[in-house]
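Novice: Could you build all of it, start to finish, from the sequences and the hints given here?
Listed here are the chains, written in short residue letters.
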Amino acid sequence: MVYALLLSVFVIASCGLVYELIAGTLASYLLGDSVMYFSTIIGTYLFAMGIGSYLSRFIGKGLVTRFIRIELMVGLVGGSSAAVLFFVFAYLESFRLILYAQVVIVGILVGLEIPLLLRILKDRLHFKDLVSQVLTFDYLGALAVSLLFPLLLAPKLGLVRTCFLFGILNVLVAGWTTFIFRDQLVGVKALRAQCVLIFVLLAAGFAYGDRLTTLAEENLYTDDIIYAKSTPYQRIVLTRWRDDLRLFLNSHLQFSSKDEYRYHEALVHPALQSLGGPKRILILGGGDGLALREILKYDSVQSVTMVDLDPEMTRLFSTNELLRALNRESLHSPKLNIVNADAFVWLGKNTDTFDFAVVDFPDPTNYALGKLYTTAFYKMLDRHLNANGAAAIQATSPMFARQSYWCVVKTIESVGLHAAPYHVYVPSFGEWGFVIASKAPYLPPLVSMPGLRFVTSEMLPSFFQFPPDMSRVDTEINHLNNQILVRYYESEWHEVSQ
Amino acid sequence: MNRRDVLMLGAGLLAGCVKAGSERRITGSFVGASYDVGHLLRGGAIPRASDTRHVGVVIVGGGIAGLSAGWRLTRKGCHDFEILELESEAGGNARCGENRVSAYPWGAHYVPLPTKKSTYVRELFEELGIITGYENGEPIYREEYLCFDPQERLFIHGRWQEGLIPTIGTTSRDREEFERFKEIVDGYKSRRAFTIPMEFSRRDKDLIELDSMSIRDFLDDHGFVSPALHWYVNYACRDDYGCNYADVSAWAGMHYFASRDGEADETTVLTWPEGNGWIVKRLRERLADHIKTGVLAYRVSQESVDVYDVQEKRSATIHADHIVFACPSYLAKYVLENSPPVEDFEYAPWLVANLTLDSFPRERSGATIAWDNVIYDSDSLGYVVATHQSLRTFQPETVFTFYQPLTGSSPAAERTRLLNTEWQTWVDFILADLSKPHPEIRDLVRTVDIMRWGHAMIRPKPGFIWGDARRRLAQPFGRIHFAHSDLSGLSLFEEAQYRGVVAAERILCRDGL
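Chains B and C, in that order, are what the protein sequence lines are. For the first sequence, counting from 1, position 209 maps to 209 in the working numbering; every step adds exactly one. For the second sequence, counting from 1, position 512 maps to 1512 in the working numbering; every step adds exactly one.
If you're looking for bench data, these hints aren't it; they were derived computationally from the structure. Built from N, CA and C at the ideal position, the CB exists for glycine as well. One or more of the hints may lead you astray.
Chain C stretches covered by chain B per the calculated footprint, using a threshold of three residues with CB under 8 Å from any CB of chain B [unchecked claim]:
{"no.": "1", "segment": "1125-1136"}
{"no.": "2", "segment": "1139-1147"}
{"no.": "3", "segment": "1391-1398"}
Far from chain C, some chain B residues (derived; all Cβ distances over 10 Å) [unchecked claim]:
{"no.": "4", "residue": "S53"}
{"no.": "5", "residue": "M73"}
{"no.": "6", "residue": "K128"}
{"no.": "7", "residue": "A144"}
{"no.": "8", "residue": "A154"}
{"no.": "9", "residue": "T222"}
{"no.": "10", "residue": "V301"}
{"no.": "11", "residue": "F344"}
{"no.": "12", "residue": "K379"}
{"no.": "13", "residue": "E413"}
The following residues of chain C were derived to be distant from chain B, with all beta-carbon distances above 10 Å [as the list claims (entries may be wrong)]:
{"no.": "14", "residue": "D1211"}
{"no.": "15", "residue": "M1213"}
{"no.": "16", "residue": "D1379"}
Specialist: This is the structure we're talking about:
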């Protein structure tokens, strides 16, 4: 019996350490800044264990039953901790709070374990042997896990499954204990039923709580995937490397947090500065809230309507801590009205007009997206602009897809709008092109928005200059019934990728 | 039981729960065509007429021809007319349906850009906002109504190619023959030999003689042996006339290729999710006060039309100053007193199915999904994607409209087969055909609704176009005016509309309006 209990010490010690390692790894994986998170999590965990040890003195009778119950709780809370944290990261606003709350709860429970075991064993061993043997197995368990975790468990099983696996070990210890003390326990059947229940829950978690992503997908991305979800509309993947956060939609890069300010400042300010006191704004696409962040810098703005197809995008960017910091809570602005709808269909039904519109759609990689760059679309957009209104349109790269870019420009012009083409350099994208489509010819702004990191009044004129390698080429006009842009785009990016 | 067993057991139980009920069943039924009521004409018990009323113009038949006659009368200020339609809604071959996913056609599903001679079509299209203006004399079309790119693709030798003229696996000989065929077509075009409406076609002797042979014989006589070319011409005949090219007059066959005289963009077509049902809906709105549905005209004379109201089971006699006989002309022998001979009017039976899919089939090699998707060497004509004209960027579910002319043996035998074959048998047949390009189709299809058209299209067999029967019926018959696309020998929207408008014009002319 003694050796059985000492083996339990070994197991529960390893479990205790695993939960701590997983909390630290997950926090630094999802949030970055590993030194800070590892250090504070270890500190909090040790402190919570201290609390647990202190609280153990208040447990009098029914030591073994209490011990079994504590094992089950550790198994449940600790074992599911990684899955819960991934869920919280994706769906809730309070990731850090829940992270530390978990660490404290698991810490307290683990802190209770060893004192209780010592007391269970105290009549069966001499004090010097008791302390020596329990602590020896405790440290051995810790050593085993600290080696297994980085070498085998995390890379092979992943964090979520490793976590469930160790939760199961806790439950097995609990179950085993019910056998060892079967003669002394009251209500042993109820305890065993609890063991089985929690075991099944954790086993299901282990079976289905698969890795966040497939290995194949991870190979597509150079950085760590911290969020991945397939919505009915697209696959959303967030990656992080140090403090560079990247968003991919259907594996196309949408932004890098390192330089997205260049893109979004360039998308919004050249047009918006030139409009006197714009009030009503429309954003088509742009569910990440980054263009919105720039728009909200203008005090004159009274209302913003954002039409983005995918509710998951606007949800993710309005709840996740990292993303909310990036868009400066723009999606929580009281001026904002989010509409999750198909932009073309919405424009067809809606009759509102706007002072400024941002048109930030994915590149025309297929015929479905190509529709959003046709004369039919721009005619409809035209009807939604006020007399002095303008729209800023992302229009792919004039460098890599030169014909495509100038095709967008020509298509806009063909519906009777004035087009002001311009481009900027965004390191993660390369040379990128935009077009200001306006009812009246575009005039450069007289005033400039202070505090911008990229679009300044000195820089602005240069955006509108095109060097010979990106200068205008003649193209056809993109109609619904020729979709010539998709054909240009396909051939040009095909060349680039070769 | 060890831990692994327990684990696997738990996993198995969970998996079982997820899988239960995933066995799918395809639903659907036959729709449309009131065969029982229609067959009353062949000696059913119809009560004697109990009421009488007088109407200026009675239009028998609410297809495109009948609706167009009504449209013309209204436009010219004549409102004393009724359109009698047997089915529960007007529209004829151009009717459409709609479900949660999309609207879809039940038959005619596009109109090519109207030629300059199709003045009535252009007039209608201006009124409906399809033509928004003119630039240098050329119409400007509302972009949303033009067929979006990509328009056509062909599944051939295991992959999809763009366009319907076979390019994959063709030899230089094939290409030479296509080139030579095009030269012949261009020759006719430059003579303006064939027009739409066909009534304006040239009557040169060599052209009229084309009507005495089949288009297949024409190809053979000109030394065309390319299987790809023969397939292509046969496909065109099955598509537009519902007949094998051996049964199609060379005049009609050549008309298909040479009637679009370059005045309009030849390949561009106008279409809507519900096909020509879009036009029907607008005509119906305009003529709502005049259309009587569920009404069978069972006897037509020079002065009156006897009608049977299917719902109320009552008959009435309508006295009329003029009658437009805008239903298929073969019906004249059942309802018209002293009917001129109509035995030469033969019709091709068709099957049209609308398949609702949970998702698009997986795209494999070659061209991506188009509006019209044709399978080489198939009995069917492939499928049209009803959601193609949707402006949505994201379209998870869709409706495919599957077209199958029954060209196997005689029209009468095929018609019997059409009506006697079970729904499930047709579904299996359709899915077998579509599984050539889409092996997984059975798992994607949720519903298959099938329309059986017994007399879908006039058959322009050799001798019919320039024969006496057709030409006689195209002339007024006392106070009765025939108006149907079968008077042109070509089942086309433009011809139906032309015949309807011409009938209305003749009436207006006689009344001195």
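Novice: Does the no-contact call for A154 of chain B survive, Cβ to all of chain C over 10 Å?
Specialist: holds (21 Å)
Novice: Quick check for students: does the CB of A144 of chain B sit more than 10 Å from each CB in chain C?
Specialist: holds (19 Å)
Novice: Measuring Cβ to Cβ, find out whether T222 of chain B lies farther than 10 Å from everything in chain C.
Specialist: holds (28 Å)
Novice: When I compare C-beta atoms, does the segment 1139-1147 of chain C have three or more residues closer than 8 Å to chain B?
Specialist: Answer holds; 4 residues pass the 8 Å Cβ test.
Novice: Check the non-interface label on D1211 of chain C: least C-beta distance to chain B beyond 10 Å or not.
Specialist: Holds, since 35 Å exceeds 10 Å.
Novice: Since F344 of chain B was said not to touch the interface, does its Cβ keep a gap of more than 10 Å from each Cβ of chain C?
Specialist: violated (4 Å)
Novice: According to a criterion of three or more residues whose C-beta lies within less than 8 Å of a C-beta of chain B, is the segment 1125-1136 of chain C covered?
Specialist: Result for this restraint: violated, n = 0.
Novice: For the segment 1391-1398 of chain C, do three or more residues have a beta carbon lying closer than 8 Å to a beta carbon of chain B?
Specialist: holds (count 6)
Novice: Was K379 of chain B rightly flagged as not at the interface, with every chain C Cβ beyond 10 Å?
Specialist: violated (8 Å)
Novice: Please verify that the nearest CB of chain C lies beyond 10 Å from K128 of chain B's CB.
Specialist: The assertion about K128 of chain B holds, with a minimum of 36 Å to chain C.
Novice: Would you check whether the claim that E413 of chain B is not at the interface survives, using Cβ distances to chain C and the 10 Å cut-off?
Specialist: holds (16 Å)
Novice: Is S53 of chain B truly not at the interface, in the sense that its beta carbon sits beyond 10 Å from all beta carbons of chain C?
Specialist: holds (31 Å)
Of the numbered hints given earlier, the model fails hints 1, 11, 12; all others are met.
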